[in-house]
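> Sequence:
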Amino acid sequence: MAKVYDIMNKLVNVKPTVKIDEDHEYKINNTKNNAIYIQSLVKENKKKDDKKQDEMELINKIIKASLGKEAFEYIDSKGDEWSMSAYNAIINVIMAAISNVELEEIEEMSEKEAKRFQESKE
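Under full-length UniProt numbering, read the sequence shown as residues 1 to 122, first letter to last.
The set of hints was computed from the structure by calculation and includes no laboratory data.
One or more hints might be untrue.
Distance ranges between label pairs, derived from CB positions [what the hints assert, rightly or not]:
1. Val-4 <-> Asp-54: 19 to 27 Å
2. Lys-47 <-> Met-84: 39 to 47 Å
3. Glu-113 <-> Ser-40: 15 to 23 Å
4. Ser-120 <-> Asp-54: 12 to 20 Å
5. Glu-81 <-> Asn-9: 39 to 47 Å
6. Lys-69 <-> Asn-45: 17 to 25 Å
Here are the simulated EDC-like pairs of lysine to aspartate or glutamate, each with C-alpha atoms no more than 16 Å apart in a straight line [claimed, not checked]:
7. Lys-43 <-> Asp-54
8. Lys-10 <-> Glu-25
9. Lys-46 <-> Glu-107
10. Lys-15 <-> Glu-113
11. Lys-78 <-> Asp-21
12. Lys-61 <-> Glu-44
13. Lys-64 <-> Glu-81
14. Lys-69 <-> Glu-113
15. Lys-19 <-> Glu-70
16. Lys-78 <-> Asp-23
17. Lys-43 <-> Glu-57
Where a beta carbon is used, it is the ideal one built from N, C-alpha and C, also for glycine.
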């Protein structure tokens with residue numbers, strides 16, 4: 001008799017959410033297609049010369065694709081209030097959801113990447 005592998009519980013279609021404040025909670029698009037789209041955005045961005053200006057554009061595209069237009073508009077409206085670290089926190093949550101890992105793991109990777117970037121500038 002052939003072995004049966006039951007993966008039903010691993011294939012649940014429950015979307016993770018990010019709670020930005022008391023009134024704003026959004027589902028995260030953690031689909032394969034969105035992950036591929038984000039990878040292509042990052043690769044395309046690495047090829048560009050003017051990375052500083054393109055970084056915010058990249059963040060905006062990732063937020064739109066992963067959280068939707070309504071979430072993007074709310075987050076964008078906070079541009080004068082929030083620091084860059086707030087945007088990085090949102091991106092880290094999205095990456096954790098897509099990768100199905102804990103947020104702390106992504107934050108640790110992000111810190112290492114930032115440190116490596118700073119060292120390369122010196």
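> Output the numbers, in ascending order, of every earlier hint that fails for this structure.
Checked against the structure, the hints that fail are numbers 1, 2, 8, 9, 10, 13, 14, while the rest are satisfied.
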